[in-house]
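**Student:** Chains as they are written, first to last, in the working numbering: chain H, 293 to 782; chain S, 252 to 538.
To be clear, the hints were calculated from the coordinates, so they are not data collected in a lab. Fair warning: there could be bad hints in the mix.
[Stated by the list, open to error] A partial selection of chain H residues facing chain S, derived with a Cβ cut-off under 8 Å:
hint : residue
1    : 314
2    : 359
3    : 361
4    : 409
5    : 427
6    : 434
7    : 720
8    : 724
9    : 749
[Stated by the list, open to error] Listed below are the simulated DSS-like cross-link pairs for lysine-lysine, each with C-alpha atoms no more than 30 Å apart in a straight line:
hint : chain 1 : residue 1 : chain 2 : residue 2
10   : S       : 355       : H       : 449
11   : S       : 457       : H       : 401
12   : S       : 382       : H       : 401
13   : S       : 489       : H       : 402
14   : H       : 449       : S       : 489
15   : S       : 399       : H       : 401
16   : H       : 449       : S       : 457
17   : S       : 353       : H       : 322
[As the list claims (entries may be wrong)] Negatives, chain H to chain S, calculated, CB over 10 Å:
hint : residue
18   : 330
19   : 351
20   : 364
21   : 405
22   : 439
23   : 500
24   : 572
25   : 596
26   : 757
Yeah, the Cβ is synthetic: ideal placement off N, Cα and C, and Gly gets one too.
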Amino acid sequence: MINTNYPAILVLSPLLAALMCSIFSWCAKKLCYPTAIISLGISLYASIEVLMQVMDTGTIQYRMAGWAPPMGIEYRIDLLNAIVLLLVISIALINLVASYQSVNQEIGKKSNTFYAIYLLFVTGLVGITATGDLFNLYVLLEITSLTSYAQIAMGDKDRGPLASLNYVFIGVIGASFYLLGVGYIYIMTGSLNMVDVASLLPSLHGSSAVLVAFIFCMLGIWIKMALFPLHVWLPNAYTYAPTVVSRILAPLMTKVMVYVMIRLMITVFGFEYLFEKLNLAEAVVWLATIAILAGAIMAMAQKDLKKMLTYIIVCEIGYMVGGAWLGNELGMTGAILHIVNDALMTFALFLALGNIVYKLKSVHFDNLKGLFGKMPWTMAGFVLGAFSIIGIPPTCGFFSKWYLILGAFEKGAYHFAGALIISSLLCAVLFFRIFEIGFFNNEHDEHNTITMSEAPVSMLIPLGLVSLSLIITGLYSSSIVNKIILPFLQ
Amino acid sequence: MLQQYSEQAGGQKIEIHSSNHSFALWRLLLYATADFPAWGDPNSPANSYLSPHYIQKSIEETGVPNLVTSVLADYRGFDTMFETAVVFCAGLACFLLLRNFKQKEENFYRHIPTGVIIQFKKGDKTLPVGKEFEHIDTEWIPYDLIIKTVCRILIPFIQLYALYVVAHGDFSPGGGFQGGVIFGSSLMLYAIAYNLRTLVQRVKEKLLGLFCAIGVLIYAGIGVVCMALGGNFLDYGKLSQILPVDPGHIRAYGMLGVEIGVGITVMAAMVIIYVNIVSIGRHDEGL
């Protein structure tokens, strides 16, 4: 009985735990944090089981309330969902362990209630990834957005609420564009189930309403994932959020949105519609090229480490959007592999960043002097994450970039390949500047010797695990591609 | 001409840009409508694909005469659970962002027989005053007999009507969301007619916080019970194993249960949002 219910347990375990946390925050405060950890543990176990089942027996379909798909809501988990689910839940769990002390430091009295909203946010991300229904996806998008607005506003006292308000305005526009698109699809097909819509759409390929629906869905998701000209909300929102929040938003929020884009492209609208009927692909690849270059150049202008990393996220979004829109198998493989890799390496960087913030409070470049002496272990993790972003071979960032560049050459999109290489070089400049400040720019005062003051062990072990996983994922990327991505694309 | 004007007034420029954008969006929407099925066309996909199934089969399959409720709480009940979670999340966010546990610096007490007002500065707690004094807001509003009496009479009826709307959701228009809002508004009326302090003393913050979570927990809990009885999540049909009722109507009872959960959450979340916003999170005085 339990075996068939794993898809529901995935999303229910954090939801129920969020409610229990909210109740416990009034009557048994000590139970909040353990509840959160246990629920994400259960969810992680379920996601591993689901991945195994999908690899053994193929796509899992789960009918909510027992109704058959076009009538009711269906969870549909294939290889792509399964790997993204595992990624989302494991990052959420590791972050919860790593950020325990940082939550106490930054949020303080309300931290017990905070866990409730954190778990709701994870529920939203898991639901978006698992669902096979277009409207259900919107409802969960709403939960994810609302909780992230609230979490961001709890950050920096002066700038946090304003950054969150900007995000609210732009995010609401994005979500309503997506909803408008889904509404148009419903008018034209009468169905909301993704697979069902996909079977009804081919007869409507010439329709202007379907085209507008597609444009609105894509615009909405691009706003949510912060593709370059629509990215303005992201840097401030992520910079002024509390550490624990930016640690989960940065690796997951944008990546899950990229997943939604790929899901709509492959499962709902289909390659035939996108690349044979529409002539948008080339324009989008150009847009992605500009996003990559703009993100990298804007990152160069920053004097604050956290803000610099947020612009690198903008740059990385360009990689995945461009790769997905190249329209060949290599490009799509690169984009999907980069969802996994980029989530891991951004997570490693933000874990290291959180440790630095925990000790130093500010991560302005002036404060980073002599950091390798003060926090050697944290900086070791940071260096691995940075190498992966730059794309130095044993780390995972290299492999997805390799697929993307191969895809670009196969398609003849040399501008995109060029942008990838230039942005890697720019990232190298960015990170080696940080290394230089951290290594060499010590105070010349002889008496002021640097004493080691490393972050607590509970924050270092997760960082160590995640940065090692960068190398392991890198070494095993061929098996990820052969066992998960290629079978999915066929 | 327009450009000259926009150079004079800095703010005007933004407006011109945004109107251009909205014009482009408007044209895009208009372009799509050219391809829409005719207005009210019975053969349009939205009317002919899934709707006939809901209309013809829902009484037979769910035992609920109100089609809207059966789609909302059964066929797409999973969506509605998350909509309730959105309401819960709004209440939680209001608490997290606004709630301020510091008490205000000044307190005012009015001596009822003489009308003299005494101000206490740095009084952290409310003073234990006798019956001759009353604790008042910074802006004191005289006792209004008509408003208070009318509200005292009305509030129980509003609440009774709210319960009716929740309970009759599966027969007539209504349901948890509407009933919850009506019940919440009766409590707000209480706060407006008397003052916020009276409401907060009578309906404790802890109670509201617990109710807000318990409502969604009832909804999700019913789903989990169905799962434990061997069905899928929210498959109300399985409840007939533990409830001694007519199996033909079991789904209607399941829906009633989740509607009650929705009502509780919406009621509590409305009051939490109201109290936190009007008092800027201090829960002492406000509208």
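**Student:** Name the hints, by number, that the structure is in violation of.
**Tutor:** Hint check: 3, 7, 8, 9, 12, 13, 14, 15, 20, 21, 22, 23 fail, others pass.
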